[in-house]
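Per the UniProt record's numbering, the very first residue in the sequence shown carries number 1; after that it's consecutive.
It should be emphasised that the hints constitute simulated quantities derived from the structure, not laboratory data.
Note that the Cβ used here is the ideal one computed from N, Cα and C, for glycine as well.
Among these hints, one or two may not hold up.
Simulated restraints, written as ranges between beta carbons of each label pair [to be verified]:
#1 Pro106 to Gly218: 13 to 21 Å
#2 Ala232 to Ser7: 27 to 35 Å
#3 Gly103 to Ala16: 26 to 34 Å
#4 Gly44 to Glu208: 35 to 43 Å
Below, computed lysine to aspartate or glutamate pairings styled on EDC-like, alpha-carbon distance capped at 20 Å [said to hold, decoys possible]:
#5 Lys125 to Asp88
#6 Lys171 to Glu40
#7 Lys236 to Glu169
#8 Lys236 to Asp168
#9 Lys125 to Asp158
#10 Lys125 to Asp100
#11 Lys171 to Asp151
#12 Lys171 to Asp100
#13 Lys125 to Asp168
#14 Lys125 to Glu114
#15 Lys171 to Asp88
#16 Lys125 to Glu40
#17 Lys236 to Glu212
#18 Lys125 to Asp151
#19 Lys236 to Asp158
#20 Lys171 to Glu208
#21 Lys125 to Glu77
#22 Lys236 to Glu217
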Amino acid sequence: MASINRSDQFTATGAARAGGPGSLAGRTVSRVGFGAMQLERLRGDRGAAVALLRRAVELGIDHIDTAQFYGHGFVNEVIAEALRPEDDVLVVSKVGAEPDADGPIPLRLAQRPEQLRAGVEDNLKSLGVERIPLVNLRRADTGPGLRAEGDQLVDMDDQLAVLTALRDEGKIGEIGLSSVTPEQLRRGLPAGIACVQNAYSLVARGDEEMLELCVAEGIAWVPYFPLGSAFAGMPKVTDEPAVIAAARAQGSTPAQIGLAWLLHHAPNVLLIPGTADPEHLRANVDAGALTLDEATLAALDAVPTRSGDIALD
């Protein structure tokens with residue numbers, strides 16, 4: 001990871017970086033970022049969506065995670081409208097799926113190389129940029145959730161080849177991987193991997209080996225489902241007695257404790273919690289300022305991992 005000095009504590013707008021400074025795609029960013037998927041809930045009030053993103057910038061967030069298939073381009077368009085060049089926000093996108101308005105769910109896989117290229121082009125257009133600093137490849141080898149089959153079963157080397165070509169063309173800056181195994185990450189290392197996005201939380205730590213590999217390789221770890229799965233029947237961080245006790249002692253919420261634990265757990269962790277609510281946004285930012293003492297961390301570390309195979313984001 002890149003070295004961090006005192007000047008890195010503040011964003012380009014002068015706000016203290018939410019969660020402190022971290023490193024992603026060769027630059028310093030806030031360790032607490034913003035996952036933009038839930039902005040689709042504000043489709044009926046575009047002004048509120050723009051205002052929420054402006055509030056995120058004011059609160060010291062300069063790392064936003066998005067995708068063209070979030071709201072069929074709506075989310076990217078709002079980001080393009082809300083952000084200003086002087087904000088210097090790192091916008092990260094992903095490819096590997098596309099909208100499917102007529103399907104049983106409004107999303108389908110788009111894993112073939114030509115689909116990945118088209119996905120990058122669509123992201124460039126809706127974000128209104130000529131280059132995306134970081135694009136994550138969303139794989140679909142595990143579930144529950146969308147599983148690759150038929151012509152969507154694509155070798156990762158073929159996918160990395162097209163992303164590397166797009167990087168050489170200057171259309172993307174760095175390459176990330178999402179929903180991958182340690183073996184796949186090792187296969188991808190020669191291509192230059194900037195981050196990994198996998199399902200990971202206090203109650204789902206099956207990827208500890210891969211997290212350690214990312215620390216060793218200087219790769220950012222950006223977990224989705226950071227508070228456990230939202231799917232019925234799967235464990236939630238906020239239900240754990242140790243988390244509830246820590247929240248009570250800290251005067252915070254269980255969700256904030258779950259996010260704070262991730263930031264304390266490894267130096268390369270960056271968070272992208274999502275919300276469509278300004279108060280929830282502020283609570284997520286405040287989680288980045290929590291300090292957990294050794295006794296609290298030990299109690300949280302003792303919580304057993306309760307799930308391994310979690311649905312894709």
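Evaluation of the provided hints:
no.: 1; hint: Pro106 to Gly218: 13 to 21 Å; verdict: violated, 36 Å
no.: 2; hint: Ala232 to Ser7: 27 to 35 Å; verdict: violated, 46 Å
no.: 3; hint: Gly103 to Ala16: 26 to 34 Å; verdict: violated, 43 Å
no.: 4; hint: Gly44 to Glu208: 35 to 43 Å; verdict: holds, 41 Å
no.: 5; hint: Lys125 to Asp88; verdict: holds, 19 Å
no.: 6; hint: Lys171 to Glu40; verdict: violated, 26 Å
no.: 7; hint: Lys236 to Glu169; verdict: violated, 42 Å
no.: 8; hint: Lys236 to Asp168; verdict: violated, 41 Å
no.: 9; hint: Lys125 to Asp158; verdict: violated, 24 Å
no.: 10; hint: Lys125 to Asp100; verdict: holds, 19 Å
no.: 11; hint: Lys171 to Asp151; verdict: violated, 26 Å
no.: 12; hint: Lys171 to Asp100; verdict: violated, 25 Å
no.: 13; hint: Lys125 to Asp168; verdict: holds, 19 Å
no.: 14; hint: Lys125 to Glu114; verdict: holds, 17 Å
no.: 15; hint: Lys171 to Asp88; verdict: holds, 18 Å
no.: 16; hint: Lys125 to Glu40; verdict: holds, 18 Å
no.: 17; hint: Lys236 to Glu212; verdict: violated, 23 Å
no.: 18; hint: Lys125 to Asp151; verdict: violated, 26 Å
no.: 19; hint: Lys236 to Asp158; verdict: violated, 36 Å
no.: 20; hint: Lys171 to Glu208; verdict: violated, 32 Å
no.: 21; hint: Lys125 to Glu77; verdict: holds, 9 Å
no.: 22; hint: Lys236 to Glu217; verdict: violated, 30 Å
The structure is inconsistent with the numbered hints 1, 2, 3, 6, 7, 8, 9, 11, 12, 17, 18, 19, 20 and 22, although it conforms to all the rest.
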